[in-house]
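Number of protein chains: 4
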Amino acid sequence: MSERNELIESIRQLPQKLEIAVSRLTDVQLDTQVGEGKWTIRQLTHHIADANINAYTRMKLIVTEVKPILKPYNQDAWASLADAAHGPIEATLTTIQGLHERWVRFLQSLPEASWTREGIHLENGKLTLQDVLRTYARHGESHLQQIISFCEKMKW
Amino acid sequence: MSERNELIESIRQLPQKLEIAVSRLTDVQLDTQVGEGKWTIRQLTHHIADANINAYTRMKLIVTEVKPILKPYNQDAWASLADAAHGPIEATLTTIQGLHERWVRFLQSLPEASWTREGIHLENGKLTLQDVLRTYARHGESHLQQIISFCEKMKW
Amino acid sequence: MSERNELIESIRQLPQKLEIAVSRLTDVQLDTQVGEGKWTIRQLTHHIADANINAYTRMKLIVTEVKPILKPYNQDAWASLADAAHGPIEATLTTIQGLHERWVRFLQSLPEASWTREGIHLENGKLTLQDVLRTYARHGESHLQQIISFCEKMKW
Amino acid sequence: MSERNELIESIRQLPQKLEIAVSRLTDVQLDTQVGEGKWTIRQLTHHIADANINAYTRMKLIVTEVKPILKPYNQDAWASLADAAHGPIEATLTTIQGLHERWVRFLQSLPEASWTREGIHLENGKLTLQDVLRTYARHGESHLQQIISFCEKMKW
Chain A
1 MSERNELIES IRQLPQKLEI AVSRLTDVQL DTQVGEGKWT IRQLTHHIAD ANINAYTRMK
61 LIVTEVKPIL KPYNQDAWAS LADAAHGPIE ATLTTIQGLH ERWVRFLQSL PEASWTREGI
121 HLENGKLTLQ DVLRTYARHG ESHLQQIISF CEKMKW
Chain B
1 MSERNELIES IRQLPQKLEI AVSRLTDVQL DTQVGEGKWT IRQLTHHIAD ANINAYTRMK
61 LIVTEVKPIL KPYNQDAWAS LADAAHGPIE ATLTTIQGLH ERWVRFLQSL PEASWTREGI
121 HLENGKLTLQ DVLRTYARHG ESHLQQIISF CEKMKW
Chain C
1 MSERNELIES IRQLPQKLEI AVSRLTDVQL DTQVGEGKWT IRQLTHHIAD ANINAYTRMK
61 LIVTEVKPIL KPYNQDAWAS LADAAHGPIE ATLTTIQGLH ERWVRFLQSL PEASWTREGI
121 HLENGKLTLQ DVLRTYARHG ESHLQQIISF CEKMKW
Chain D
1 MSERNELIES IRQLPQKLEI AVSRLTDVQL DTQVGEGKWT IRQLTHHIAD ANINAYTRMK
61 LIVTEVKPIL KPYNQDAWAS LADAAHGPIE ATLTTIQGLH ERWVRFLQSL PEASWTREGI
121 HLENGKLTLQ DVLRTYARHG ESHLQQIISF CEKMKW
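Chains as they are written, first to last, in this note's numbering: chain A, 1 to 156; chain B, 1 to 156; chain C, 1 to 156; chain D, 1 to 156.
Excised from the complex, chain A in its bound form (with noise of 0.2 angstroms):
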C-alpha cells in the first residue's frame, strides 16, 4: 500500500479506534492528565475533533484555491475553552464519525495532481496537500496511542 493509502486508511479507522479506547471510561478517569503538565484524556478527545476540524478545512481550501493561507490556530487555548476542557465526549466521537467517513471520500476523490498543491501556513510556510495529509494522519495516531498508553499503563 502506497503511504498516501496508509495515511488515508488510518484516517479512516481513527473514529472508531478512537471510541473503543475512550467511551468506556469514567467521567473521573476521562478528567485524568495523561501526564505531567498534559492534557487530560477528555480534552485530548476534543483535540482531536478540533485538529481534524481544521486538517480538513485546510485541505478544502488547498484543493479549491490557489495558495491559500492556511490560519493557525492556538491548539492550548481551544483545549482549555469549557466545552473542550469539561464538556462531555458523545457529541465529538460522533463529529469524529461523521467527519472522517466524509474527509475519507473527499480524500479518494482527488486525482494525483491535486497532491502536489500548496498552502501557505502562516507559521509553517509552504505545505503540499501530501504535507497536510501526513501531518494529521499521524496527529491523530499519536494521540490515540498516547490514550491507549495510558489506559494501560493505569490498568483501565
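Read the hints as simulated data drawn from the structure, not as lab findings.
Hints are not guaranteed to be accurate.
Same chains, same names: a pair is fine if it fits in one copy or spans any two.
Here are the simulated lysine to aspartate or glutamate pairs, EDC-like style, with alpha carbons at most 20 angstroms apart [unchecked claim]:
{"#": "1", "residue 1": "Lys-126", "residue 2": "Glu-90"}
{"#": "2", "residue 1": "Lys-67", "residue 2": "Glu-118"}
{"#": "3", "residue 1": "Lys-153", "residue 2": "Asp-27"}
{"#": "4", "residue 1": "Lys-17", "residue 2": "Glu-36"}
{"#": "5", "residue 1": "Lys-17", "residue 2": "Glu-123"}
{"#": "6", "residue 1": "Lys-17", "residue 2": "Glu-6"}
{"#": "7", "residue 1": "Lys-38", "residue 2": "Glu-118"}
{"#": "8", "residue 1": "Lys-67", "residue 2": "Glu-123"}
All figures in this text were calculated on a predicted structure; none of them were measured in a lab.
Could you slot chains B, C and D onto chain A? The hints should help.
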C-alpha cells in the same frame, strides 16, 4: 428570549430539522436542483455542514486570539467537489448533529465580554462574535427553509 | 477645493514643510522628546517616512488587487530600531521628498472609480482608498504640527 | 568579505550606479522596451524603487514581529500604473538614494541573531531575513545589469 439566545436555539434545532427534511428523500430527489442555476438538495446539505464547520472554527479563533484572520472559503468550489456533489449525506448529517451539540455548549459557556470580540474577515472586514453567530444561524435557517419550500412545491 | 484635493495637496506640501521644521535643528534638539513618554523629533521624522512608505504601498495594493490584505506594522518597534532612534535624518528627508512627489503623481492619475476600492487592514478591517488617503494625509500633518508646536514652545 | 557584507555593499552602491546608467537618457530612450514583451527603462527604474520599498518594509517587519505575513505585490500591475509607465524618473532616483542609505544603516545595525528571523511570504512561504537580503540585492543588480547591457547594445 434575547436575540442571542434565539440564534443559539436555532443552531441547536437545525440538525434535527434538517434530518427530518432530507433523510426521507430518494437519491433522485437529493440530486434535484432547488431552482435553475441552484445547488441540489444533496449539495445544500453538505454545504450547511461545511459552512458551520467554518463558523465553529471562526468563532473559536475569535475567542482565543486577538483579531484573528477569518479566512473566507470558496463555497461554490467546495460544493462542486465530488464528495459534496455526489457523496451520501448520512455522514454529513452525523457531523452536523455532533458539531452543533458541541458548538451550542461552547456558545452557552461564553461570558458576555466575548461577544464583542472581533476577527478580520478577508472579504468582509471586521466581524464581532455576535455578527458571526447571527450570520450563520440565519444562513442555516435560510437553506433549511429553501429545502423545505422546494419539497413542498414538489409535493415530496 | 474638494476634500480629496486638499488631502493630496497636504501630501504634496509635507516634504518641504518638514524640511524647514527639522533641518535647522542640532543633534541635541533632534534627540529631545516632544513630551513625556513621546518620541524624539528624530524618531518622529523617521516615523513620518516609514508611515508614508506603508501608505504608498497600501494604496498601490488597493488599486492593483481585489481586497488585498493591508499589513499593519508595529510603529513603536520600528521607531526603536537603531536607524530610527539614532540615525541621521538627511537620507530620510530625501526619501520623503522623492516618495511624496511620485505618490502625488500616482494619486492624481487615478480615475474616480479607484477611490471606493477597498483593502482589508488586519487590525482595522475594511478601508477604502479614500480612507487611507485621509488617514495618512492627516497623520503627516499632525506629526508635523507636533514638531512645530514643540519647537515654538522651546523657542528653537 | 562575507556574503552578507557583499549583499549590503551591493545595496549601498545601487543608487549611484543606477543614476549613472539612466539619468543621461532621453525620454525616448527611457520609453524603449529592453526586449520584446519586456518593460521600458522607465518602468524598470520605477520598479527597482517599488521592489526595494517592499524589501525595506518586509525586512523591518521580520525584525519587529514574530513570523509576520509578507504581502506579495503584483509587479506587473504596479509597472502599468500611470506614474510607473509614464512618470519622470527624477523623484524615483531621489527616493532610491534616500531609501538605500537608511536601509544600509538599518542592515548594518542588526545583531547576528536577526538574520535567521523569518517571515511568511504569501506565495513563497517561509523566508529568513538573509533570504530577503539576498533576493533583493540580486534583484537590483540584475535589473541594473539589464539596463546597462541594453544601452551598450543600443550604443547609447
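Status of each hint after checking the structure:
1. When the C-alpha separation of Lys-126 and Glu-90 is checked against a cutoff of 20 angstroms, the pair qualifies neither within a copy, at 35 angstroms, nor between copies, at 34 angstroms.
2. In this assembly of identical chains, Lys-67 and Glu-118 lie within 20 angstroms of each other by CA distance both inside one copy and across copies; the values are 5 angstroms within and 19 angstroms between.
3. With identical chains, the CA atoms of Lys-153 and Asp-27 are at most 20 angstroms apart within one copy only, with a shortest distance of 18 angstroms there and 49 angstroms across copies.
4. For the identical chains of this complex, Lys-17 and Glu-36 are neighbours neither inside a copy (25 angstroms) nor across copies (44 angstroms), given an alpha-carbon limit of 20 angstroms.
5. Taking CA atoms no more than 20 angstroms apart as the test, Lys-17 paired with Glu-123 passes in neither setting, with 31 angstroms inside one copy and 38 angstroms between copies.
6. In this assembly of identical chains, Lys-17 and Glu-6 lie within 20 angstroms of each other by CA distance solely inside one copy; the values are 16 angstroms within and 37 angstroms between copies.
7. Taking identical chains as interchangeable, the C-alpha atoms of Lys-38 and Glu-118 are never at most 20 angstroms apart, the minima being 32 angstroms within one chain and 29 angstroms between chains.
8. Taking the shortest Cα distances, Lys-67 and Glu-123 sit within 20 angstroms of each other both inside one copy (14 angstroms) and across copies (7 angstroms).
Consistency note: the structure conflicts with the earlier hints numbered 1, 4, 5 and 7.
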